[in-house]
Amino acid sequence: MDQSDRELVTRVVATGDEAAFRALYQRHTPTLYRTAVRLTDDRDGTAEDFVHDTWIRASERWAEFEWRSSLRTWLTGILLNRVREARRRWARQPTDELVTDISTDCPEPDDRLDLEAAVAKLPAGYRSAIVLHDVEGFSHEEIASLCSIDVGTSKSQLSRARRALRRWLEPRWSTT
Amino acid sequence: MPPARLEARITDALRARGVLRPSPRRIPLWHTAALLAASAGAFFLGRLTAPSPATDAVSTPRWMLLLYEDDQFEGPAPGREADYVAEYRRWAQTLGRQGALVDGAELVPGGGWLDSAGAELVESEREVPGAGRITGYFVITAPNADSAAAVAASSPHLLHRGRIAIKPLGAS
Numbered sequence: 003m004d005q006s007d008r009e010l011v012t013r014v015v016a017t018g019d020e021a022a023f024r025a026l027y028q029r030h031t032p033t034l035y036r037t038a039v040r041l042t043d044d045r046d047g048t049a050e051d052f053v054h055d056t057w058i059r060a061s062e063r064w065a066e067f068e069w070r071s072s073l074r075t076w077l078t079g080i081l082l083n084r085v086r087e088a089r090r091r092w093a094r095q096p097t098d099e100l101v102t103d104i105s106t107d108c109p110e111p112d113d114r115l116d117l118e119a120a121v122a123k124l125p126a127g128y129r130s131a132i133v134l135h136d137v138e139g140f141s142h143e144e145i146a147s148l149c150s151i152d153v154g155t156s157k158s159q160l161s162r163a164r165r166a167l168r169r170w171l172e173p174r175w176s177t178t
Numbered sequence: 039m040p041p042a043r044l045e046a047r048i049t050d051a052l053r054a055r056g057v058l059r060p061s062p063r064r065i066p067l068w069h070t071a072a073l074l075a076a077s078a079g080a081f082f083l084g085r086l087t088a089p090s091p092a093t094d095a096v097s098t099p100r101w102m103l104l105l106y107e108d109d110q111f112e113g114p115a116p117g118r119e120a121d122y123v124a125e126y127r128r129w130a131q132t133l134g135r136q137g138a139l140v141d142g143a144e145l146v147p148g149g150g151w152l153d154s155a156g157a158e159l160v161e162s163e164r165e166v167p168g169a170g171r172i173t174g175y176f177v178i179t180a181p182n183a184d185s186a187a188a189v190a191a192s193s194p195h196l197l198h199r200g201r202i203a204i205k206p207l208g209a210s
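In the order they appear, the protein sequences are chains D and H.
For what it's worth, the numbering used here labels the leading residue of the first sequence as 3, then goes sequentially.
For what it's worth, the numbering used here labels the leading residue of the second sequence as 39, then goes sequentially.
Derived by calculation from the structure, the hints in this document are not laboratory data.
Values in this document were obtained by computation on a predicted structure and should not be read as measured data.
Backbone N, C-alpha and C fix where the C-beta goes; we use that ideal spot for every residue, glycine too.
You can trust all of the hints, since none of them are fake.
Under 8 Å between C-beta atoms, here's a sample of chain D residues computed to sit facing chain H:
#, residue
1, R8
2, R13
3, V15
4, G18
5, D19
6, E20
7, F23
8, R24
9, Y27
10, P32
11, Y35
12, W57
13, I58
14, W64
15, A65
16, E68
Take a look, some chain H residues computed to stay more than 12 Å from chain D by CB distance:
#, residue
17, P116
18, G117
19, G148
20, Y175
21, R201
Whole structure, please, built from the sequences with the hints as guidance.
In structure tokens, the structure reads:
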């Protein structure tokens, strides 16, 4: 029977058990990597670095994790912090706060446009909301905690993101 | 999917930091089971005889976890004591399988303490004034205080609002 995250973390912390860590890695890394790619477009191949740093930071901070959330949520929170730091460095988005005007960032509805590309064009806050909620299945409460925003803001961002995607994609879908 | 090289990259980094070590030698399951069966009633029904620590664990620092209960402690409802026994036992057995458990037992009612005024045994339910009763202990191995704290944090005792003192043990 699969061991719980908690049992595996206990083994890693108590004895440095590499097999236990690899089990944790294999359980959670696909989601972390997918999230990193979707939030950053894998700019400069950095999704791999984000995941690497997430595990390193997590391993430095096991003692701080109080199991009030799932391990997946906690790891994703570390990943999001890393992504925010990178965004600030890249100066693409000054913060992950709510963006209300996306009219200037609309992609052209050409043949290359698809859902992934449209998501990639969303402002950072919208993109986080739709990736975390609609793709990865986090609740608004979890997203609020992860992104340090209100639950209402998370819902608003998701709603606006969906509206934007619909607006961008409908012309294409209505002709196919 | 993440690149295949990523797993090796991360585990290499964690080994270099001393976070990961080769997996400890496992105690055969039959041995663990035999020892546990021989431990009359196991934890909360007597002394928990842990399997001998793995070779790697012998040189690892040892820590005493002292389990305290005070008025905040949420003890078992009448008739549910066995659930608590099973819960603590599962936790201890997990540590035992990892080679991280050296010893552990419930401290049952009775006994008392001596003060500096004399050698007379003073019976008291509150062994440590202001801190509640010490109702059990575990001796574990962990590479450092943070690791010992993480092990303690995984204990069901905290879920029941007990408290745990973590003290390093000197060489015996």
